[in-house]
Amino acid sequence: MEQHQGMTVPPRDPDHVMRLSRLGSFHQSRLSFMRILLRRMESEAWRFERPVFDIDAAGTGRAVYTAHGPDHSYSLVAFANDLPADQRSDRVIATAWDATFTLFDGVPTDADLDRLEQNVPKQEAGRITESELSLSRANRSVRLWDHVVERLAAGRQPDRATVEEVGYLMRTTAVYGSGKFGAADREMTAGRPEFQPPFQIEMLSVYLTRAFVMDLVEHMALMRAPDTATALDPDLRRRFGIGNSTGLGMAPFLVTHPALLNNWIGAREEALSRIRSLPSASTTEAASLRSFARRAAAHVAEWHSDHPAQIAKLDALGADMRALLAHLDRADLCTDHPWNRLWLWGETVLSLEGQELLASLLLEPYPHLVDGLATCMAADEAATWRIDGAMSVARLRDLVERIYGWALATDWSEPAAQARVWYVSEEKLEPRLGERADEPLEPYEQPLCPGRDAARMHADLAATRETTVAGFLMRHPEHRHVLRRAQIAARLPYAEIRDNTIDASLLPIDMLRMKLSFFGASHFDPRSDRWVRINMYQHAPFPHELGLRSGDDWAYPFLSGAAS
Amino acid sequence: MTWSLNEIETLSRKAARGAGLSWGLAEEAGKAARWLAAAGLPGPQVLADLLTRNDGRDYETLCPHEEHEGTWIARGGTLCPLISGAALSDHAERLARGDALTLGRTASPMLLLPYLDAAAHLSGRDITVSWDGVTVTCGPAARPDPGAETALGVAIAECVTIQSATPSDTATPRPAQSRADIPRETAARLDAFARRTYAPETPESRLSGAGAGLTDND
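If you're matching them up, the sequences are chains C and X in order. Using my numbering, read the first sequence as starting at 245 and increasing by one per residue. Using my numbering, read the second sequence as starting at 1283 and increasing by one per residue.
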């Protein structure tokens, strides 16, 4: 239809997109997993109820939040704790939390709850079963929590500026899914339409966790002062998201799931390409883009970080938004491939943060061109995983040169190029990053540096007398891992991060940011080069509001005075 | 207590790596143990036995050499099924052409089945494998019969023959299991191998490695 006239803009080149600095500038979009979940629950009119809420005045007890979909029900089982301050740590190595959670497949019986109460509060040290789909925990943001309880108990609303400064009352840390600690494997539920897109279980768990946390804070105020306590104003209530603190554990996932990575990026790039290819836009679509841009600017203004690298990026992004709004005021957004012209303007004017925010914004006016791509974001990893041993060595060399050109141009004898080592620590079995020169870590190195490994394989490919991959691998089993990756990336252009994941200048937060942006997170706030805090579901309708409010239109702050 | 298949795959992959296999081979070993467990066979146990047996042995002594056309043997005397299995899957096209392959003395031949199943899928033909009186047809419809576990579970086969066949629908499809049990002793042995892949913690790395702060009281 729209695309029959004239040019088609192809998806962006993976050599351009798959750089860490760009991936580390991604923002949430219509294709984020939170938004996919809420769109589905709204369109299918899911029902929600709270069959159990048994929390005492000290804040300990349990609660159950059940979501009823068309064919299945899912229950968040929450255990609240009265945690002493000296035990409150958001490190994955903590052993106690303010609240712990599991997503139960169905509606739990009392016996299920008793069993879970023996295990879920222990998290990694406990054990769950195939009836459970996720395992997670959260700690209070103490400062904001105390403020909100005090104000509500006194019959007053919390201070809006204080709410916005933190943005959430509890921060989750790890949200474990697929088979972890005994939970059901993804394969057991991936056939259900609601769990076909990636991470829907985790996103549902976090969505219900937010509802629980808000109920809990109001409950605590009521228990403290039954005569005076009040509930949160609904509009202010929606300004609370749910926090998350994410460390290095998440980064390797992107490298160990190349087909999945490809499908996430590929869906977003396809969406961008479709919109850039549109020969024209209606005045309604143009107005929609302008409105979303203003809301995005408001979001940027509310986004704070103390991390020097993020402060610099946010300064640039603030300038980008001013330039974008000024440009949108005078630009023709309706004729002559308006979105491609806008995009090309952005590439010359905006920082990476601004360019990638523009990419997300361009998807907003076009649900009919974008939202269907959500079904392309899961991956049949088995389909591309087996090595094609019949491939010729010459063909493989050609592929390596095409996919890993950047790595073949890198001087790997430079210490900086291999400064880091990914390893797993004995103590907590968590991924870590160390300094190759300073610590005896090399024997424990994880295969999370495809570029260097591809360069090593390329050298052996040049020297081998073997003519097929099968023959080459018989002599070089050490290349089997990266050879598989090369064959996957040959079929799936965005499967590989085309950058050095062990360089001295590596910022692991770039990898975390990319993944979290696909979840739908916002307010990225790095606390170091390898640890980031975020906000999730801020401004989203609560379960009891789904369908009564403005659907998918929540991911940017609502402008004052505008319908929300 | 049952294990999720992801747990079985992860533990098996780490154990295989800890026992000295390359990362690529270890990944396939993890998938092999998972495949067998899903088929109701004692994949993790057989893997633990094999890794124990081959602990400390060089790749060169365990990998296949084509002694003469169609016969693979190990220089060290006994083929490792994880290495030979991967090579068989790499040679799926050769099997599909109808070439028969004979493997000399092979340890834990049950571990070949997941790789041959993959080769059958890659080549679109069934693959028949036999040793010591047991024959299994690998292909889209086939699942090994756990009733034949004893014959499938031999520690050593003197000779394994592999031949592709026209796909048949006579094999009985067996439902895949979505969970499996692992004997405590097996899990402990696999875990001991897996632990070799973990770096000992130092005070510096404990603080800097994960990069997070120590308190969450804000």
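Check each hint, because a few of them may be wrong.
Now the in silico label distances, taken between C-beta atoms and shown as ranges [what the hints assert, rightly or not]:
| no. | chain 1 | residue 1 | chain 2 | residue 2 | range |
| --- | --- | --- | --- | --- | --- |
| 1 | C | T711 | X | T1284 | 32 to 38 Å |
| 2 | C | A340 | X | T1443 | 29 to 35 Å |
| 3 | C | S772 | X | A1382 | 55 to 61 Å |
| 4 | C | D642 | X | E1349 | 41 to 47 Å |
| 5 | X | P1422 | C | S317 | 48 to 54 Å |
| 6 | C | D300 | X | E1431 | 17 to 23 Å |
| 7 | C | A369 | X | A1474 | 52 to 58 Å |
| 8 | X | P1465 | C | Q440 | 31 to 37 Å |
| 9 | C | S636 | X | A1382 | 20 to 26 Å |
| 10 | X | A1447 | C | E625 | 49 to 55 Å |
The calculated lysine to aspartate or glutamate pairs, modelled on EDC-like cross-linking and capped at a C-alpha distance of 16 Å, are [claimed, not checked]:
| no. | chain 1 | residue 1 | chain 2 | residue 2 |
| --- | --- | --- | --- | --- |
| 11 | C | K672 | C | E368 |
| 12 | C | K424 | C | E374 |
| 13 | C | K424 | C | E674 |
| 14 | C | K672 | X | E1483 |
| 15 | C | K672 | X | D1473 |
| 16 | C | K366 | C | E408 |
Keep in mind the hints are simulated off the structure, nothing from the lab. Note that this is a predicted model, so its numbers are computed, not measured. Positions of the beta carbon are idealized from the N, C-alpha and C atoms, including for glycine.
Here's how the hints hold up against the structure:
Checked against the given bound of 32 to 38 Å, the beta carbons of T711/C and T1284/X, roughly 46 Å apart, lie outside it. The hinted range of 29 to 35 Å is not satisfied by A340/C and T1443/X, whose Cβ atoms lie roughly 58 Å apart. Restraint check, S772/C to A1382/X: a C-beta distance of roughly 59 Å satisfies the suggested window 55 to 61 Å. Taken as a hint, the range 41 to 47 Å is violated for the pair D642/C and E1349/X, whose Cβ atoms sit roughly 33 Å apart.
For the hinted restraint 48 to 54 Å between P1422/X and S317/C, the CB-CB distance of approximately 35 Å leaves it violated. Range check, D300/C to E1431/X: about 53 Å between beta-carbon atoms, so the 17 to 23 Å window is missed. At roughly 20 Å, the beta carbons of A369/C and A1474/X sit outside the given window of 52 to 58 Å. Range check, P1465/X to Q440/C: Cβ separation about 36 Å, and the 31 to 37 Å hint holds.
Range check, S636/C to A1382/X: Cβ separation about 24 Å, and the 20 to 26 Å hint holds. Between A1447/X and E625/C, the C-beta spacing of about 28 Å breaks the proposed range 49 to 55 Å. Distance check on the hinted pair: K672/C and E368/C sit about 10 Å apart at the alpha-carbon level, within 16 Å; holds. For the suggested pair K424/C and E374/C, the alpha carbons sit about 10 Å apart, so the restraint of at most 16 Å is met.
A threshold of 16 Å between alpha carbons decides the hint, and for K424/C with E674/C the separation of about 13 Å falls inside it, so the pair holds. A hinted pair counts as satisfied when its Cα atoms are at most 16 Å apart, and K672/C with E1483/X qualifies at roughly 9 Å. Our distance criterion of 16 Å between C-alpha atoms is met by K672/C and D1473/X, whose separation comes to about 14 Å. A threshold of 16 Å between alpha carbons decides the hint, and for K366/C with E408/C the separation of about 32 Å lies outside it, so the pair is violated.
Comparing the model with each numbered hint stated earlier shows that hints 1, 2, 4, 5, 6, 7, 10 and 16 do not hold.
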